[in-house]
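4 protein chains.
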Amino acid sequence: MDYQAVLEEVAAFARPYVGHGQVADYIPALEKVPTDRFGIAVADINGEVYGVGDWEVPFSVQSISKTFSLALVMANDNEDIWKRVGREPSGTPFNSLVQLEWENGVPRNPFINAGALVVTDRLQTLTGDASTTMLHFLREESGNPDLAFDQAVADSEAEHGDRNAALAHFMASFGNLENPVPSVIEHYFWQCSIEMSCRDLAAAGGFLARHGLRADGSRLLEAREAKRINAVMLTCGTYDAAGEFAYRVGLPAKSGVGGGIVAVVPGRCTLCVWSPGLDSRGNSVAGAAALDHFTSLTGWSVF
Amino acid sequence: MDYQAVLEEVAAFARPYVGHGQVADYIPALEKVPTDRFGIAVADINGEVYGVGDWEVPFSVQSISKTFSLALVMANDNEDIWKRVGREPSGTPFNSLVQLEWENGVPRNPFINAGALVVTDRLQTLTGDASTTMLHFLREESGNPDLAFDQAVADSEAEHGDRNAALAHFMASFGNLENPVPSVIEHYFWQCSIEMSCRDLAAAGGFLARHGLRADGSRLLEAREAKRINAVMLTCGTYDAAGEFAYRVGLPAKSGVGGGIVAVVPGRCTLCVWSPGLDSRGNSVAGAAALDHFTSLTGWSVF
Amino acid sequence: MDYQAVLEEVAAFARPYVGHGQVADYIPALEKVPTDRFGIAVADINGEVYGVGDWEVPFSVQSISKTFSLALVMANDNEDIWKRVGREPSGTPFNSLVQLEWENGVPRNPFINAGALVVTDRLQTLTGDASTTMLHFLREESGNPDLAFDQAVADSEAEHGDRNAALAHFMASFGNLENPVPSVIEHYFWQCSIEMSCRDLAAAGGFLARHGLRADGSRLLEAREAKRINAVMLTCGTYDAAGEFAYRVGLPAKSGVGGGIVAVVPGRCTLCVWSPGLDSRGNSVAGAAALDHFTSLTGWSVF
Amino acid sequence: MDYQAVLEEVAAFARPYVGHGQVADYIPALEKVPTDRFGIAVADINGEVYGVGDWEVPFSVQSISKTFSLALVMANDNEDIWKRVGREPSGTPFNSLVQLEWENGVPRNPFINAGALVVTDRLQTLTGDASTTMLHFLREESGNPDLAFDQAVADSEAEHGDRNAALAHFMASFGNLENPVPSVIEHYFWQCSIEMSCRDLAAAGGFLARHGLRADGSRLLEAREAKRINAVMLTCGTYDAAGEFAYRVGLPAKSGVGGGIVAVVPGRCTLCVWSPGLDSRGNSVAGAAALDHFTSLTGWSVF
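Protein chains in written order, with this note's numbering: chain A, 46 to 348; chain B, 46 to 348; chain C, 46 to 348; chain D, 46 to 348.
Derived by calculation from the structure, the hints in this document are not laboratory data. For each residue, glycine too, the CB sits at the ideal point set by N, CA and C. Check before you lean on any hint, since a few could be wrong.
Stated by the list, open to error - Negatives, chain A to chain D, calculated, CB over 12 Å: (1) 223; (2) 231; (3) 258.
Claimed, not checked - Ranges of calculated distance between the beta carbons of each label pair, as one might list FRET restraints: (4) B:205 to A:71: 52 to 62 Å; (5) D:61 to C:124: 42 to 52 Å; (6) B:263 to C:261: 50 to 60 Å.
Given only the sequences and the hints, what does the whole structure look like? Please build it.
Written as structure tokens, this is what we have:
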């Protein structure tokens, strides 16, 4: 596969969609991102990375971090995180409290905010410093030692974080948090604030295409665990549009409101696309178009 | 009306119910109350107080405080608290988040926890110290200068307060709190922790029977405002059992999980009954039986 | 009490509200009612009826019939209807299916549509002909032998009756109906379609003020049963506005989307007011204003 | 691929699971099926069918019919069925009314009962006889002219069909049905009652593996339409266990409470497995185990 040629064709196809949609505006720090950006990168399973456009420009990973915190918990845990968080699509907007009340404080899956808070809580218990653990992991896998938290973004999230605080306290009232709420919230926001480029993310997500093997060939996850994460990405990775995304793209994917989307072709490669304009469900408009065209060109869709 | 004779007959009637039900056990500080206690007091509109049984033993007022915080806000506010809290029965258990999400952070009424948090928040804005304001008011109206917070209860509430914290953060996310969540929560718990006897509470609630006049004859509330509080007490004052309570007792009433119930006969008197055993909806078993018999004897039920 | 003078003053007060609000338009048969109508009648406990305005003009009783079907079931039943329907306010719009699902097919109270369907079902089991039984009862109590169903209204309801059919089938799926759904629905619609005037309804509701005694002095209900119906009227009788109505009017009342409201002053009289313009919750605008003024003038409010 | 050898290994693997779980007992006609049955069949894209065990024994297709009614509507419709039914996982048990109320009568996807009723309604409008149209289609695609409705099953469904009737009336109240409720319900039950074997279903579902081509090579669906159905099967095809099923099996699949599951390997083959014992979410225990092992052996899982 000539990845470079494919990416160029994909970028040309996606170009008209760039600038469409709305930039996330729930925190001031994200509002300022220019809407005309577009980048895409592919990391093959040997670690070669290809890219076009703004593929080396850092952006806020936001919910894409949920994939990595889940992987790190699954890699380190002797207990079963799946007793504390489900694996089924949520069926309601991504931060609803209703479902949480119905299901006694057990979030539906690790990619809604409530579920990611539980995963972060567990990572905190396992490591003593959930956000730093993730940062170090991402630096190693991406090969980029300069990765860092964006303090302005983390502070801005915290200032507007009442809904996440409500989710955390609510789960705590059901006994589904091990650490104090303020600590869990803080690490959650730090994780979301990490800045990475398409290049960094495609490389860092390589273990999902390599059935659990890290960049250095050591094993992070069992093959069945990597498969599990991919399955959750396909059914739950794109907020309330997972069904539509499964159809259009047909690949496991996780999106963030920073405009990034990481997608996986198991056994072949990991992609990351970025463009800040979001559709009504919080997924990058041009990013989704690009991934859609990528699977059309390569025939690598699931269906 | 020979109140003393009526109260003695009521106490005799209620005696077999004393000890039935469960003492509130969600915080350790309440668990320790002996279940065999029963007291009842009546304050007529001239301020005479009559009582039998443990009518001078202090207990934790808990949710009964919601009545006084509402009255103090209505007495001091130029704005309309009713834009921030509804006046309709809630129809679901008293601390549900579902309804709050449906109704954009506006609690159904001031007597569910979410509504009381909004009222406390407003009282804090108006006075700068919501809980001390209430304590001073209760001392004056009861004529008992020894009333005090119970620090052990307040601390215990705070330790087990995740659900209230979730409610507060959730409302804050809708912009329905004016003060920081920790401050609102703290004052709310202090208010609930106040210790008062049946005597104290019957006297302190006298303004509800006097159409808004305080113990010293000065006006706390307009008559229509006192009527409003009584109406909310009748339809919302006894958690998820307001319909049943309206039928059995037929008087405006507010209960607390400490086992107390304050009831009002507008134009005549204010009652307070106490017995710690609670039914499945959080209302005192012997207390409800006593009020039921009181209205049977006096014919003062609404219906 | 000079009822005639009071009613005239009430009518003068309510006049400016006549024509405000919307006529019920969910079925064509109700849409055609002229909005400028207003009538009010009072029946004292001796059966004397007073009235002003359009107090002898028949209108569609609609949900007011729910009061009579409940009374007829309570008068005839050896079993306990309260196992199949609750007595608490609903807290959500009057025809919601959500609450029904949460509570396993047991409606919250007999005055929401679901609850009235259960009551009608029981009346059908007890009498073999629920709607005719009610019609005969209303003829006898009102002293008006000409009362009749309005076939056009009943047909129109049936044509637009999918939501009620959904409620009935849903409850049947929980085993909470004894008769076939089409039969229950049919009798329910016939009951709603009965045409009565303010005079007829005030007279027919006299048993509620007489603690259960019928017009001829025989006993329909025990006093505690009449009290029960009044309590349910106060807390649940005016759709999602019961709390507000309790405050403004302070009397047990049941409204219908035909624009009528029946209210009870226990031990004194039964009122009926009619004006077709409805507020957003389905209660007559001018009717509520009239009852509000009636209790102000007489001082007969509960609070 | 030596399908016969693979199926034999799969059957041996699944054998210990046969008899586990519960036979569907909500209608008497399904309760009688012996629990020790197990069959599996594969139809390759050339129409060759392989099978082992009870692969030629007919069983009740139940919800598997939802896949075919959706395909037939998509094949015949000029309008857009997706305006009347969504494509996202439901997140709540398969027959919940709550979500339907929240989303104004538009079911979340075509594989929950509400969604299938809308699809059947549309097929009825398009063809004048939804159930016979499907039966003829299934006879042609399976090459089995003896396929028939099971009248006892259809009658039994109708007798216990109150929840489906509630769903249909509820959607009708939102204007989301074109035909009378009784007609839609009847055709829906007839479709579910069709008896087919694993052989029949694997052959009849061949168009899903052939990107929309029928058994005779003519085109039923565009390739993108077949892809759409596969995507909906993967994310919504196994009731409330779609996320778990995606992980374990990793193939588009549709299950029925008769114990059958149809799964698709796009471009390669269609499978059908049958064993009547169901897990708590309504999917065949031994059937899921068999498909799990099939993808392990062939490496044809999506992830």
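Worksheet item: Which numbered hints turn out to be false for this structure?
Response: 4
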